[in-house]
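> Sequence:
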Amino acid sequence: MVDKSARTPAETKDAGVLIVGLGRFGSSMALTLDRLGQDVLAVERSPGLVAHYSDRFPIVEADASNPEALEQLGAREFSVAVVGVGTSLEASVLITGNLVDMGTPQIWAKAISAEHGRILQRIGAHHVVFPEADAGNRVAHLVSGKLLDYIEVEDGFTIVKMRPPRETQGFTIEQTKVRERYGVTIIGVKSPGQEFVYAEPTTRISSNDLIVVSGHSELLERFAARP
2 MVDKSARTPA
12 ETKDAGVLIV
22 GLGRFGSSMA
32 LTLDRLGQDV
42 LAVERSPGLV
52 AHYSDRFPIV
62 EADASNPEAL
72 EQLGAREFSV
82 AVVGVGTSLE
92 ASVLITGNLV
102 DMGTPQIWAK
112 AISAEHGRIL
122 QRIGAHHVVF
132 PEADAGNRVA
142 HLVSGKLLDY
152 IEVEDGFTIV
162 KMRPPRETQG
172 FTIEQTKVRE
182 RYGVTIIGVK
192 SPGQEFVYAE
202 PTTRISSNDL
212 IVVSGHSELL
222 ERFAARP
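Numbered per my numbering, the sequence shown spans residues 2 to 228.
These aren't lab readings, by the way, just hints derived from the structure by calculation. A couple of the hints might just be wrong.
[As the list claims (entries may be wrong)] What follows is a set of in silico ranges between Cβ atoms, one per label pair, in the way DEER data are often shown:
1) Q176 to N209: 12 to 20 Å
2) L37 to L149: 36 to 44 Å
3) R57 to G137: 39 to 47 Å
4) A226 to L90: 36 to 44 Å
5) F197 to R227: 39 to 47 Å
6) N138 to K191: 41 to 49 Å
7) R164 to L37: 42 to 50 Å
8) P68 to G189: 44 to 52 Å
9) I124 to F158: 21 to 29 Å
[To be verified] Below, computed lysine-lysine pairings styled on DSBU-like, alpha-carbon distance capped at 35 Å:
10) K147 to K178
11) K147 to K162
12) K191 to K147
13) K178 to K162
14) K162 to K191
15) K191 to K178
Here the structure is a predicted model, which means the values were calculated and not measured. Even glycine gets a Cβ: it sits at the ideal position worked out from N, Cα and C.
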């Protein structure tokens with residue numbers, strides 16, 4: 002059953018993101034994308050969740066593990082799809098496989114285990130995300146040291162926000178020689194009450210500043226451990 006607020010395929014062609022599954026991950030994605038002004042069409046089989054979100058963004062009540070249902074709601078017209086179903090491995094794999102068969106250019110799929118992720122990759126998902134594992138990893142870094150924020154981008158490359166070690170305070174970035182000594186790069190500085198500024202060799206770091214640093218996670222952890 003298609004909600005009256007759902008868009009037709011003609012209206013969604015060449016634009017928007019298809020989100021399948023409105024659990025915590027999928028609903029957070031849909032709400033955030035909608036807030037950012039991105040066109041979203043959500044697909045959910047639970048009538049209760051459909052009713053809950055029907056006034057927030059366009060939504061279709063359907064079983065996306067059925068390829069005919071995806072065809073009817075115009076899934077082929079979307080260049081990006083997010084599979085937020087994680088608790089049912091069978092449904093996650095079936096939905097992802099259906100989108101692969103349709104030739105969806107970008108498929109982002111949620112996985113709840115390494116084995117689940119490998120299956121999704123093998124059947125053709127372009128991006129596999131591990132929300133719980135990623136959140137656990139991020140929070141572990143935040144509670145264990147000086148890091149105020151932690152984002153692992155890919156293959157260990159990470160960006161962190163932290164307080165500057167004492168040895169950098171009062172010096173310019175060029176004078177600290179952080180890159181030569183620790184293999185990390187200070188990419189920005191935020192002083193209290195001031196706008197964020199991209200770091201330059203002459204940018205001076207004070208004890209009250211926050212710095213944004215990039216590099217491999219192990220090197221960043223070593224740098225953040227400095228007093």
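> Going straight from one Cα to the other, do K178 and K162 come out at no more than 35 Å?
Answer holds: K178 to K162 is near 18 Å, not above 35 Å.
> Are the Cα positions of K147 and K162 separated by 35 Å at most?
holds, 9 Å
> Looking only at beta-carbon atoms, does the pair R164, L37 fall within the given range of 42 to 50 Å?
About 30 Å separates the Cβ atoms of R164 and L37, which means 42 to 50 Å is violated.
> Given the hint of 44 to 52 Å, is the C-beta distance from P68 to G189 inside that range or not?
Given range 44 to 52 Å: holds, Cβ gap about 46 Å.
> Are the Cα atoms of K147 and K178 separated by 35 Å or less?
It holds: about 20 Å lies between the C-alpha atoms, which stays within 35 Å.
> Is the distance from the Cβ of I124 to the Cβ of F158 consistent with 21 to 29 Å?
holds, 27 Å
> Starting from K162, check that the Cα of K191 is at most 35 Å away, please.
The hint holds at about 10 Å.
> Could you see if the CB distance from R57 to G137 stays within 39 to 47 Å?
violated, 28 Å
> Are L37 and L149 spaced within 36 to 44 Å by their CB atoms?
violated, 24 Å
> K191 and K147: Cα distance at most 35 Å?
holds, 16 Å
> At the C-beta level, are N138 and K191 separated by a distance inside 41 to 49 Å?
At roughly 24 Å between Cβ atoms, K191 and N138 fall outside 41 to 49 Å, so the hint is violated.
> For the range 36 to 44 Å, tell me whether the beta carbons of A226 and L90 fit it or not.
Since A226 and L90 have Cβ atoms about 39 Å apart, the given range 36 to 44 Å holds.
When held up to the earlier numbered hints, the structure conflicts with 2, 3, 5, 6 and 7 and fits the remainder.
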